[in-house]
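The primary structure of each chain is shown beneath.
There are 2 protein chains.
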Amino acid sequence: MDPKRKATVEELMRRRRLAALLFWRPDELVMMLGYMPLWGVSVLLYPADGEAVLFVPELEPEDILPAGVEVRRYPWGVLDGRDPWEVLYRAIKDELRKRDLSNGAVSFTRNIGGSAPCRMSGEQPPLPADLAEQLGRVSDGGWKDAGGELLRLYEQKTATDVAALEKTHRVAARAVEVFYEEVEKGHTEAFLSALIEATVQEVNGRAGISFAKAWPMVQSGRNSADAGRFNRSTHKIIASGDLVVLEMGVCVEGYWADITRTAVAGEITDLNRRMYDAVIGAQRAAYALIRPGIAMREVDKAARDYIDDCGFAGYFPHALGHQTGFRYHDPGEALSPFSTGVLREGMVITIEPGIYGEALGGGLRVEDNILITADGYRILSASHRELKGENYGN
Amino acid sequence: MDPKRKATVEELMRRRRLAALLFWRPDELVMMLGYMPLWGVSVLLYPADGEAVLFVPELEPEDILPAGVEVRRYPWGVLDGRDPWEVLYRAIKDELRKRDLSNGAVSFTRNIGGSAPCRMSGEQPPLPADLAEQLGRVSDGGWKDAGGELLRLYEQKTATDVAALEKTHRVAARAVEVFYEEVEKGHTEAFLSALIEATVQEVNGRAGISFAKAWPMVQSGRNSADAGRFNRSTHKIIASGDLVVLEMGVCVEGYWADITRTAVAGEITDLNRRMYDAVIGAQRAAYALIRPGIAMREVDKAARDYIDDCGFAGYFPHALGHQTGFRYHDPGEALSPFSTGVLREGMVITIEPGIYGEALGGGLRVEDNILITADGYRILSASHRELKGENYGN
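Listed in order, the protein sequences are those of chains A and B. When the letters of the first sequence are read in order and numbered with my numbering, they come out as residues 3 to 396. When the letters of the second sequence are read in order and numbered with my numbering, they come out as residues 3 to 396.
Because the hints were derived from the structure by calculation, they are not lab data. Treat the hints with care, as some may be off.
Which copy? The list can't say, so a pair holds if one copy fits it or any two copies do.
As the list claims (entries may be wrong) - In the DSSO-like style, the derived pairs of lysine-lysine whose C-alpha atoms are separated by at most 30 Å in a straight line are:
{"hint": "1", "residue 1": "K390", "residue 2": "K215"}
{"hint": "2", "residue 1": "K238", "residue 2": "K169"}
{"hint": "3", "residue 1": "K169", "residue 2": "K215"}
{"hint": "4", "residue 1": "K95", "residue 2": "K390"}
{"hint": "5", "residue 1": "K187", "residue 2": "K215"}
{"hint": "6", "residue 1": "K215", "residue 2": "K238"}
{"hint": "7", "residue 1": "K100", "residue 2": "K146"}
{"hint": "8", "residue 1": "K390", "residue 2": "K8"}
{"hint": "9", "residue 1": "K100", "residue 2": "K169"}
{"hint": "10", "residue 1": "K303", "residue 2": "K95"}
{"hint": "11", "residue 1": "K8", "residue 2": "K303"}
Next up, chain A with everything else stripped away, as it sits in the complex (with noise of 0.2 Å):
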């Protein structure tokens, strides 16, 4: 476990006087021990005297599971009869009791909604519905609201994070670079998506990487208007003379990378450049102005302003940025016109103005991933970002 988010969540058990945290959700499990459960059914107790034991379910492969942390199994999808919830409830509250525990409370994140996927990613872990519940149960001094700190530790992205997202941030890199190969090539948008998809899957199990997936999503032509509204891709074949939108979530051993570029097939027109300049430029007026402190509204405003000054106001319908890095989408404040939160040391931002109109023959977005450090931000996601591939004129 990362030494600094050891601090925080023992320094946040003493404030508020919590006996225990209790952590399942995949997203939380990936945050404290780098750990992306497979089946989706681990528990993570972590008592105040900082002895944590991972429960995880029989069926769960040995070698993803995290070193430095107690592991113990329990019988989930094994066939003798037992309700492994029972025996995983008792587990906890005999842990509990043996360390003097069980008069305190205990805190955890209720909501399994808006979490990661686990490695089983075609559904949601099947948790059962009174799981919160039953977990609330655990110790004397039942469950305890931590006010919300608990979801503010997915803002605070220590050495070991950053490591990983550098990680996952290559294997996205090579799916731009595949983006870009192949976007002329006549593909229909949904066949792009695949091969895409396909370079990020095929990761799986080298060296060092035991979990690669990507939710590639590519829209060209006239569809790429939609593309500020939502993402998907269809079976229209991508033509000369249109802009093409990737949109495209990558996830590596549970770290996230959320990223956009734009190219454009065939001739890049006058408006498209313009488009081009103006998205490229709203983010440089936000990078001018982050760093830890700043208003996340002043920073959206930078970029909105630059847009409409170059003509475009009113085709830059949505937020200029979320965070982003243990899921899709990470909880907390996202940058918008209506936030009222800063911008910290640690946190991992997305910074994606698009401009999006029939009117002007589709859209262009183009969205990269942040890192705030203790003087400015370093960019994550430093892949090419043209509207041509890197080798295009050469």
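Please build the complex by placing chain B on the supplied structure of chain A, with the hints as guidance.
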């Protein structure tokens, strides 16, 4: 809405004396309307008078909205400073008041966990943590437990559902073909998974299919011995002599297939053949019993006994099957030695016996999806299921 499901739901409301039902889980919306939400934040108000209203976010694409139900937009994703959820709760309250239903109780599934993904499948729908609490207040009568009846709706597939599932299985069948075509070409497990996933994803937006995605996992050789505990793809190259297990969920517009096929790369050994014959025989032993009214436990036992009698006792560690269709794994009882339920007409179940062991050189499973009919059953996943592809030896 399918007339049979409409009748079931309205009868449930009368019997339980409910003013309305609310549905917001992505898989519930598929079940009720054949509508797989893109953003995952749509809510269906189904009042006792039968005149349903579907609330969708402002950003939802027009062309995926269901016919035959009133659709209203609420300002989710719109930068106007309003809290979209407040607007939504107010709209539902007003609607109940207008219909003189405000004194009655409403019911809904409180748990978002376990649900199938929305079209933005990279993360769970961004529903607020207090959604259930807030929706419990839309009527003066509060929330009333429907005693598991809402989950039991999943157990009855209508004619409408079956037609949709057949479409999913047509897409899945093509993915199975690609598995057999490519399994002996020296790919890594991850690359073969990527090819299969691309085959499905490429279908997006073709005539009559607005969403298709697959979650394929391939395990070969020694890795296939783990296929009874977990599924994933690694960077292992598929080699001659390997048993190769493909496990996959395929989702087409919210309707799911859950399929497993096992191929042999290279020469089929006598042991491979004995394992295969035992598994196929176990499926047949199950089918021989399957009809409405039969105890799930008996079906499991027939298959399990067959495998034992073939000399593989102790090598089949998991349940024989589970319900499927609205998700990769539907709620409701599975077919195991500990089941207490019976099969009923309209259920869709998997029958997936498997034999795994390092001592056997790997694992082998065949999984099919079965509709329970009035007088027996019908196999929905009627694709090729041999140890070699369809054109092998020709």
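> 30 Å Cα cut-off: does K8 pair with K303 within a copy, between copies, both or neither?
Replying inline: neither (36 Å within a copy, 49 Å between copies)
> 30 Å Cα cut-off: does K390 pair with K215 within a copy, between copies, both or neither?
Replying inline: This pair counts as both: shortest intra-copy Cα distance 25 Å, inter-copy 29 Å.
>> Please sort K187 with K215 into within, between, both or neither, judging by C-alpha distance up to 30 Å.
In response: Classified as both; 24 Å inside a copy, 23 Å across copies.
>> My question is about K100 and K146: at a cut-off of 30 Å on alpha-carbon distance, are they close within one copy, between copies, both, or neither?
In response: within (21 Å within a copy, 39 Å between copies)
> How do K169 and K215 come out at 30 Å by Cα distance, when the copy is not named: within, between, both, or neither?
Replying inline: This pair counts as both: shortest intra-copy Cα distance 13 Å, inter-copy 25 Å.
>> Please sort K390 with K8 into within, between, both or neither, judging by C-alpha distance up to 30 Å.
In response: Neither, since 44 Å and 52 Å both go past 30 Å.
> How do K100 and K169 come out at 30 Å by Cα distance, when the copy is not named: within, between, both, or neither?
Replying inline: Neither way: K100 and K169 sit 40 Å apart in one copy and 55 Å across, limit 30 Å.
> Can you tell me if K95 and K390 fall within 30 Å by alpha carbon in one copy, between copies, both or neither?
Replying inline: This pair counts as neither: shortest intra-copy Cα distance 59 Å, inter-copy 51 Å.
>> For K238 and K169, with the copy left unspecified, which applies at a CA distance of at most 30 Å: within, between, both, or neither?
In response: Only across copies: K238 and K169 sit 21 Å apart there, 33 Å inside one copy, limit 30 Å.
> Is it within, between, both or neither when you check K215 against K238 at 30 Å Cα-Cα?
Replying inline: Answer is both; intra-copy 24 Å and inter-copy 17 Å each pass.
>> I want to check one pair: K303 and K95. Are their C-alpha atoms no more than 30 Å apart within a copy, between two copies, both, or neither?
In response: neither (50 Å within a copy, 36 Å between copies)
Consistency with the previously given hints fails for numbers 4, 8, 9, 10, 11, ordered from lowest to highest.
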